[in-house]
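*Asks:* Sequence:
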Amino acid sequence: MKEIMRSMHNSRRKITEIFDCLETTEGDNVPVTRAFPVAGRMQIDPFLLFDHFGPIYYHPEEATGVPAHPHCGFEAITFMLNGEIEHRDSFGGQANIRSGDVQWMTTGSGLIHSELATKAFRKSGGILEGLQIWVNLPQMHKNVDPGYQHIPVEIIPTIDLQNNAGYIKVIAGEIMGVSSQIKTFSPVSIFQVQLSSEVTIDLEVKSEQTALIYVLAGTIGLQNSEEMARKGQMVRFDDDGDFLSLYTTSSPTSASLIVLAGQPLNQSIARYGPFVANTETEIRKAVLSYQSGKMGQL
1 MKEIMRSMHN SRRKITEIFD CLETTEGDNV PVTRAFPVAG RMQIDPFLLF
51 DHFGPIYYHP EEATGVPAHP HCGFEAITFM LNGEIEHRDS FGGQANIRSG
101 DVQWMTTGSG LIHSELATKA FRKSGGILEG LQIWVNLPQM HKNVDPGYQH
151 IPVEIIPTID LQNNAGYIKV IAGEIMGVSS QIKTFSPVSI FQVQLSSEVT
201 IDLEVKSEQT ALIYVLAGTI GLQNSEEMAR KGQMVRFDDD GDFLSLYTTS
251 SPTSASLIVL AGQPLNQSIA RYGPFVANTE TEIRKAVLSY QSGKMGQL
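Numbering follows the working numbering, in which position 93 of the sequence shown is assigned residue number 93; successive positions increment by one, without gaps.
Heads up, some of the hints might be wrong.
[Unchecked claim] Derived DMTMM-like pairs (lysine to aspartate or glutamate); straight-line CA-CA distance at most 25 Å:
#1 Lys206 x Asp45
#2 Lys119 x Glu84
#3 Lys119 x Asp160
#4 Lys14 x Asp28
[What the hints assert, rightly or not] With beta-carbon atoms standing in for the labels, derived distance ranges:
#5 Gln181 x Thr253: 28 to 36 Å
#6 Glu280 x Ser186: 34 to 42 Å
#7 Gly92 x Pro252: 47 to 55 Å
#8 Lys183 x Val38: 46 to 54 Å
#9 Asn143 x Lys119: 30 to 38 Å
#10 Met42 x Ser289: 19 to 27 Å
No lab work stands behind these hints: they were computed from the structure.
Positions of the beta carbon are idealized from the N, C-alpha and C atoms, including for glycine.
Sequences and hints are given; from them, build the entire structure.
*Replies:* This is the structure:
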């Protein structure tokens with residue numbers, strides 16, 4: 001067993017729950033594995049939504065995407081695993097999000113955007129797959145100007161683990177002294193972790209932050225527990241401790257997972273479709289702002 005980043009401290013977090021994510025579809029019949037929001041689990045503070053969309057195969061000239069729609073009050077992250085989409089928004093933002101790229105969009109006071117298949121991907125066809133994550137904005141920043149950060153795969157920091165044990169991609173936050181260039185409005189960390197077989201690892205997270213793991217592929221073992229988490233499941237940890245202790249078995253296939261950590265905001269939440277606010281009154285104002293054109297045009 002390869003041991004990576006073993007903690008010398010007795011501060012490993014315990015598991016609160018392991019749950020199956022909801023299998024559903026969105027848009028043009030795109031398969032989605034949704035951790036939340038679902039009945040009984042509308043959010044896990046500060047995270048408002050976690051969707052794994054795809055994989056879905058498109059024949060040439062078949063792929064479409066998501067047409068123009070509004071958002072406000074949170075940060076929307078798109079992490080492309082396969083395929084390519086084009087982002088456009090009502091504040092002039094434009095970028096092609098390729099496989100491995102990250103889009104970090106601050107919706108703030110409100111904007112309109114679209115995520116359509118690029119001309120090249122539509123022409124060639126192929127597999128489309130990715131993650132959509134919503135992070136709530138602190139109340140004091142709900143009405144910040146919309147912003148957009150595009151991080152190409154080439155500049156996402158990657159930590160190669162010793163003994164060919166795998167790697168960690170630092171999408172947001174910091175781990176092992178390596179930081180993402182993404183700027184956030186509250187403490188948030190997102191890592192993609194790939195582990196080979198027979199690896200034991202401790203991943204550092206800040207005490208008191210929400211900590212979650214989503215299994216993209218394979219199976220992951222959880223220290224201090226006989227339970228295993230498999231593909232399509234999410235693990236929630238308690239808030240006490242500084243490390244998530246994980247291991248892989250002798251399976252011939254590797255394990256791939258997404259680690260989320262964030263400071264709970266402990267604030268009231270009002271939601272209506274693509275709008276997030278603190279009160280129903282603010283939601284009504286957001287709807288009127290969109291209807292009156294204050295979120296721009298696309």
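*Asks:* Compare the structure with each hint and give your call.
*Replies:* The hints, checked one at a time:
1. Lys206 x Asp45: holds (15 Å)
2. Lys119 x Glu84: holds (9 Å)
3. Lys119 x Asp160: Not OK: Lys119 and Asp160 at ~34 Å, beyond 25 Å, violated.
4. Lys14 x Asp28: Judged against 25 Å, a Cα distance of about 39 Å means the pair is violated.
5. Gln181 x Thr253: 28 to 36 Å: Because 32 Å falls inside the window, the suggested range holds.
6. Glu280 x Ser186: 34 to 42 Å: At 23 Å between Cβs, range violated.
7. Gly92 x Pro252: 47 to 55 Å: With Cβ atoms ~48 Å apart, the hint holds.
8. Lys183 x Val38: 46 to 54 Å: violated (30 Å)
9. Asn143 x Lys119: 30 to 38 Å: At 35 Å between Cβs, range holds.
10. Met42 x Ser289: 19 to 27 Å: Given about 24 Å between the Cβ atoms, the range holds.
The structure fails hints 3, 4, 6 and 8 (numbered hints given earlier, in ascending order).
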